[in-house]
Amino acid sequence: MLWRLCLLSLTLFSLMSVSAVTPALAMVLDVDLSKPDVRLNVSFKGAELLLFGAKDTAGDVVVVVRGPQQNQSVRLREKIAGVWVSTDEVVFGNAPAFYALASSRPIYEILPAAVMESERIGTDHLDLLIKEKPDGASQQTIQEFTDGLVRIMVKKDLYTNEARVIELIGKQLFRTDLWFPANVSVGEYTVNTYLVADGVIRSKKTSHIQVHKVGIEARIYNFAHEQALIYGILAVIIAVISGWTANAIFKKRA
Amino acid sequence: MQIYLPIAEISVNIFLILGMGGGVGFLSGLFGVGGGFLMTPLLIFIGIPPAVAVATEANQIVASSISGVLAHWKRGNVDFKMGLMLLIGGVIGSTLGVWLFTYLKTLGQIDLVIQLSYVVFLGIIGGLMLIESLRAMLRSKTSRPKRKHHNFLHALPFKMRFRRSKLYVSALLPIGIGLLVGVLSAIMGVGGGFVMVPAMIYLLGMPTAVVVGTSLFQIIFVTANVTVLQSVNNFSVDVVLAVLLLVGAVIGAQFGAKAGAKLKGEELRILLAIMVLGVCVKIALDLTLTPDDIYVLGNAGGH
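Note that the protein sequences, when read in sequence, are chains A and B. Mapping of the first sequence onto my numbering: residues 50 to 303, in sequence order. Mapping of the second sequence onto my numbering: residues 3 to 305, in sequence order.
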């Protein structure tokens with residue numbers, strides 16, 4: 050009996066050391082979304098999804114939403130002979146197309162930097178893969194390109210580097226609105242919800258959101274890609290007919 | 003009222019797009035230029051991805067050019083024979099242009115080349131037109147217009163009679179202009195009217211009224227070709243955006259053609275020159291003023 054207890058605690062100990070999540074103290078965390086997907090239809094102008102959940106104890110909640118990964122090139126512009134020219138280029142292999150962060154208190158009060166880094170929480174810890182870089186680029190240079198990428202994406206409303214607010218309702222319930230702007234990319238988005246207490250992640254839940262085109266949007270998009278030649282010819286025919294029709298209408302009035 | 007564009011993948015205001023189409027369509031009917039050199043930068047400015055802006059704009063120009071051509075044809079202002087010669091040159095030129103574009107792309111500075119060629123060509127053409135038309139205006143007030151002078155261009159072989167244009171010149175001239183315009187339009191992503199119109203006026207000595215209709219006639223075919231090629235190669239033609247633009251544009255072009263009939267040739271040319279110079283200055287400023295951020299997203303994106 051005693052050796053069994055020893056083995057159990059040993060297993061727990063080893064689990065604790067490999068993961069930031071502390072299973073010995075793991076707590077109940079349930080999360081759900083108001084809708085499982087974001088539908089890009091004709092009237093789409095951004096979408097708000099409600100994320101809500103319950104936990105069985107006091108503690109803070111952090112939510113991270115990541116869009117699909119993509120190759121993303123970032124170029125530096127330099128002034129040469131009075132003209133701004135694109136020069137050095139860095140290509141990131143796994144830049145998320147979307148990144149949003151929400152937390153129940155300012156993130157730096159909840160989590161130590163080391164945990165944020167290992168769990169890739171916050172735009173400072175995207176852990177980007179460098180696919181291409183200028184010859185002899187220093188760590189400093191790469192960091193400047195990374196900061197540049199984050200700045201551009203924040204400006205496009207695709208990255209959030211200041212955490213949005215998660216409302217805690219009583220001790221057990223929480224909710225937050227996830228905002229997807231009108232320029233989101235299609236693909237599978239991952240939502241990680243963390244329960245945090247005393248600077249340690251106690252529990253983590255992963256959910257997924259599909260961002261996809263529906264209805265006429267999806268049909269036009271698929272048609273354009275699958276039957277490109279016919280699509281192009283139809284586009285010209287539409288243009289010819291519109292031009293002709295407009296002229297006919299005006300001729301009658303004249 | 004917002005609408006989500008399936009290919010451009012952004013949400014835009016319907017009335018903004020209709021208004022932009024109407025405004026540019028008006029200018030296109032007025033001057034016989036496709037308006038691409040105005041609309042493409044405008045579309046990029048409101049957030050349409052550049053590749054989609056260029057390709058969709060070509061599609062829209064097809065519609066406004068047809069609407070414009072029909073309006074000009076009614077007044078007998080289209081020289082089909084001349085248009086055919088321009089078109090022959092245009093087909094050869096745009097093929098060469100696409101080849102040159104691909105070559106410049108491998109050198110890695112295509113964006114800069116595009117912007118610089120905009121500044122250079124718009125600057126030269128706008129400047130020359132402004133000076134010439136101001137002179138013509140002053141001259142018409144003081145004395146009778148001068149007779150067209152003959153130069154080496156009239157010594158070229160393969161002479162042809164162009165009745166509508168009241169010209170007897172070598173067929174090589176319109177073919178050459180079409181060729182040059184074809185190369186430029188492939189590189190700069192425009193119909194090329196703003197190059198063709200002054201070339202026909204100043205090099206060929208065609209009457210301004212006929213130039214406009216004939217230029218539009220040629221632009222229809224060039225932009226229709228570009229639309230199909232872009233659809234096949236880049237999937238970048240957004241039909242929804244194109245339809246919104248062309249609804250505004252075809253109506254605008256009709257009003258433009260009517261307004262053009264009321265203006266004198268010199269006045270038309272002065273207005274076009276000022277507009278061309280305006281776009282030139284804007285692009286030159288973009289190239290030289292310090293940008294908001296010294297980093298930009300490159301085009302190696304995608305999933």
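For the record, the hints were derived by calculation from the structure and aren't laboratory data. Among the clues, some could well be false.
Within a straight-line C-alpha distance of at most 27 Å, the following computed DSSO-like cross-link-like pairs (lysine-lysine) qualify [stated by the list, open to error]:
{"id": "1", "chain 1": "B", "residue 1": "K260", "chain 2": "B", "residue 2": "K161"}
{"id": "2", "chain 1": "B", "residue 1": "K76", "chain 2": "B", "residue 2": "K284"}
{"id": "3", "chain 1": "A", "residue 1": "K84", "chain 2": "A", "residue 2": "K128"}
{"id": "4", "chain 1": "B", "residue 1": "K83", "chain 2": "A", "residue 2": "K128"}
{"id": "5", "chain 1": "A", "residue 1": "K300", "chain 2": "B", "residue 2": "K161"}
{"id": "6", "chain 1": "A", "residue 1": "K253", "chain 2": "A", "residue 2": "K220"}
{"id": "7", "chain 1": "B", "residue 1": "K264", "chain 2": "A", "residue 2": "K300"}
{"id": "8", "chain 1": "A", "residue 1": "K84", "chain 2": "A", "residue 2": "K205"}
{"id": "9", "chain 1": "B", "residue 1": "K284", "chain 2": "A", "residue 2": "K205"}
{"id": "10", "chain 1": "A", "residue 1": "K94", "chain 2": "A", "residue 2": "K204"}
{"id": "11", "chain 1": "B", "residue 1": "K76", "chain 2": "A", "residue 2": "K300"}
{"id": "12", "chain 1": "A", "residue 1": "K180", "chain 2": "A", "residue 2": "K204"}
{"id": "13", "chain 1": "B", "residue 1": "K284", "chain 2": "A", "residue 2": "K300"}
{"id": "14", "chain 1": "A", "residue 1": "K220", "chain 2": "A", "residue 2": "K254"}
{"id": "15", "chain 1": "B", "residue 1": "K76", "chain 2": "A", "residue 2": "K204"}
{"id": "16", "chain 1": "A", "residue 1": "K300", "chain 2": "B", "residue 2": "K83"}
{"id": "17", "chain 1": "A", "residue 1": "K128", "chain 2": "A", "residue 2": "K253"}
{"id": "18", "chain 1": "B", "residue 1": "K284", "chain 2": "B", "residue 2": "K168"}
{"id": "19", "chain 1": "A", "residue 1": "K205", "chain 2": "A", "residue 2": "K262"}
{"id": "20", "chain 1": "A", "residue 1": "K128", "chain 2": "A", "residue 2": "K205"}
{"id": "21", "chain 1": "A", "residue 1": "K300", "chain 2": "A", "residue 2": "K84"}
Part of the chain B face toward chain A, derived, beta carbon under 10 Å [what the hints assert, rightly or not]:
{"id": "22", "residue": "S69"}
{"id": "23", "residue": "V242"}
{"id": "24", "residue": "L248"}
{"id": "25", "residue": "A261"}
Ideal Cβ placement from N, Cα and C applies to all residues, glycine included.
The hints, checked one at a time:
Straight-line distance between C-alpha atoms of K260 (chain B) and K161 (chain B) comes to about 34 Å, which puts the hinted pair past the 27 Å bound. A distance of roughly 36 Å separates the Cα atoms of K76 (chain B) and K284 (chain B); the hinted pair therefore is violated under the 27 Å criterion. Between K84 (chain A) and K128 (chain A) the CA atoms are separated by roughly 48 Å; this puts the pair beyond 27 Å, and the hint is violated. At most 27 Å may separate the alpha-carbon atoms for a hinted pair to count; K83 (chain B) and K128 (chain A) exceed this at roughly 48 Å.
The suggested pairing of K300 (chain A) with K161 (chain B) is violated, with an alpha-carbon distance near 37 Å, which exceeds 27 Å. A distance of roughly 18 Å separates the Cα atoms of K253 (chain A) and K220 (chain A); the hinted pair therefore holds under the 27 Å criterion. Of the pairs offered as hints, the one joining K264 (chain B) and K300 (chain A) holds, with about 18 Å between alpha carbons and a cut-off of 27 Å not exceeded. Of the pairs offered as hints, the one joining K84 (chain A) and K205 (chain A) holds, with about 24 Å between alpha carbons and a cut-off of 27 Å not exceeded.
With a CA separation close to 23 Å, the supplied pair K284 (chain B) and K205 (chain A) stays within the 27 Å bound. For the hint pairing K94 (chain A) with K204 (chain A), the CA-to-CA distance comes to about 17 Å; that is within 27 Å, so the pair holds. For the hint pairing K76 (chain B) with K300 (chain A), the CA-to-CA distance comes to about 10 Å; that is within 27 Å, so the pair holds. With a CA separation close to 24 Å, the supplied pair K180 (chain A) and K204 (chain A) stays within the 27 Å bound.
A threshold of 27 Å between alpha carbons decides the hint, and for K284 (chain B) with K300 (chain A) the separation of about 37 Å lies outside it, so the pair is violated. At most 27 Å may separate the alpha-carbon atoms for a hinted pair to count; K220 (chain A) and K254 (chain A) meet this at roughly 18 Å. Between K76 (chain B) and K204 (chain A) the CA atoms are separated by roughly 50 Å; this puts the pair beyond 27 Å, and the hint is violated. A distance of roughly 25 Å separates the Cα atoms of K300 (chain A) and K83 (chain B); the hinted pair therefore holds under the 27 Å criterion.
Distance hint between K128 (chain A) and K253 (chain A) is unfulfilled; the C-alpha atoms sit about 47 Å from each other, more than 27 Å. Simply put, K284 (chain B) and K168 (chain B) have alpha-carbon atoms about 38 Å apart, too far for the 27 Å limit, and the pair is violated. In summary, the hint linking K205 (chain A) to K262 (chain A) is supported, as the alpha carbons are separated by about 20 Å, within the 27 Å threshold. Between K128 (chain A) and K205 (chain A) the CA atoms are separated by roughly 24 Å; this keeps the pair inside 27 Å, and the hint holds.
Between the alpha carbons of K300 (chain A) and K84 (chain A) the distance comes to roughly 52 Å, so the proposed pair goes past 27 Å and is violated. The beta carbon of S69 (chain B) is positioned within 10 Å of a beta carbon in chain A (closest approach about 4 Å), and the interface hint is therefore held. The beta carbon of V242 (chain B) comes within 7 Å of a beta carbon in chain A, closer than 10 Å, and the hint placing it at the interface holds. For L248 (chain B), the suggested interface contact is upheld, since its CB lies about 5 Å from the closest CB of chain A, less than 10 Å.
With its C-beta approaching chain A no nearer than about 13 Å, A261 (chain B) sits outside the 10 Å limit, and its interface hint is violated.
When each numbered hint is compared with the structure, violations occur for hints 1, 2, 3, 4, 5, 13, 15, 17, 18, 21 and 25.
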